[in-house]
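Visitor: Sequence:
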Amino acid sequence: MKTSAQNYHPLSVLFHWCAAALVVVSLVSIHVGMRLPSADQTRIVLINTHVFSGVMVFLLNLIRLSIFSTFGTPVPDGHDFHQVHAARFMHVILYGSIGFLACSGTILTVAYAAGQVILGVKIPLILTASAMGMIRDLHGLVSTAFLLFMFVHATGSIAMHYFGKRSTLQKMSVKTELAGYITAPETEKNYLRLDVQSGQSRS
Numbered sequence: 001m002k003t004s005a006q007n008y009h010p011l012s013v014l015f016h017w018c019a020a021a022l023v024v025v026s027l028v029s030i031h032v033g034m035r036l037p038s039a040d041q042t043r044i045v046l047i048n049t050h051v052f053s054g055v056m057v058f059l060l061n062l063i064r065l066s067i068f069s070t071f072g073t074p075v076p077d078g079h080d081f082h083q084v085h086a087a088r089f090m091h092v093i094l095y096g097s098i099g100f101l102a103c104s105g106t107i108l109t110v111a112y113a114a115g116q117v118i119l120g121v122k123i124p125l126i127l128t129a130s131a132m133g134m135i136r137d138l139h140g141l142v143s144t145a146f147l148l149f150m151f152v153h154a155t156g157s158i159a160m161h162y163f164g165k166r167s168t169l170q171k172m173s174v175k176t177e178l179a180g181y182i183t184a185p186e187t188e189k190n191y192l193r194l195d196v197q198s199g200q201s202r203s
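FYI, in this note's numbering the residues of the sequence shown are 1 to 203.
Treat the hints loosely; a few may be bogus.
Label-pair distances were calculated between CB atoms; the ranges are [said to hold, decoys possible]:
#1 V92 <-> G164: 36 to 42 Å
#2 P124 <-> F81: 26 to 32 Å
#3 C18 <-> V152: 19 to 25 Å
#4 R88 <-> Q41: 43 to 49 Å
Source of the hints: derived by calculation from the structure; they are not laboratory data.
Ideal Cβ placement from N, Cα and C applies to all residues, glycine included.
Input sequences plus hints: build the corresponding full structure.
Guide: Here it is, written out as structure tokens:
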């Protein structure tokens, strides 16, 4: 069993807010890009921005999950068993949605590139037109649901902080000592330290 930290590690907090910013970039770029004419070069740039930012969101969250798996994560704020597990369930939905969007987006990107030669390799046709349409619709549906999940997640966090009198938002505040922690980790912190081996007691 992994020990639960009291606060998120600063790197995890940083990745969280970077991922949140990239979600906004991904959302804006695709909505603006799809409204431009097909021959417009800006459309291509915006669609590529959407793909790149989506991949980065997925990778940043994979890193966060690896940190959680190895070093623990704070118990979600809640006043009872049901609230804590509802918060955990919401996080599972969020991570699952990100994973699905990354996979379906990658499949669509490869499908749209069929016939092109990239790095000397001709991209094969992997989907029929109907399959592409189905995956595209699912991608759009899950992305809409993901935005709803994010809204519920953010609203719940704010409500728990201000009305539940918990330190929810303080856990996710960006610490100014992040760079110093990486270069010279301090021995006294209320979060699990990445430089301490699993199973070793904390100060």
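Visitor: If a hint holds in the structure, say so; if it does not, say that too.
Guide: Status of each hint after checking the structure:
About 21 Å separates the C-beta atoms of V92 and G164, a value inconsistent with the hinted range of 36 to 42 Å. Roughly 51 Å separates the CB atoms of P124 and F81, a value that falls outside the hinted 26 to 32 Å. Evaluation of the 19 to 25 Å hint for C18 and V152 yields a pass: the beta carbon distance comes to about 21 Å. Distance hint check: the CB atoms of R88 and Q41 are about 45 Å apart, consistent with the given range 43 to 49 Å.
Of the numbered hints listed earlier, those contradicted by the structure are 1 and 2.
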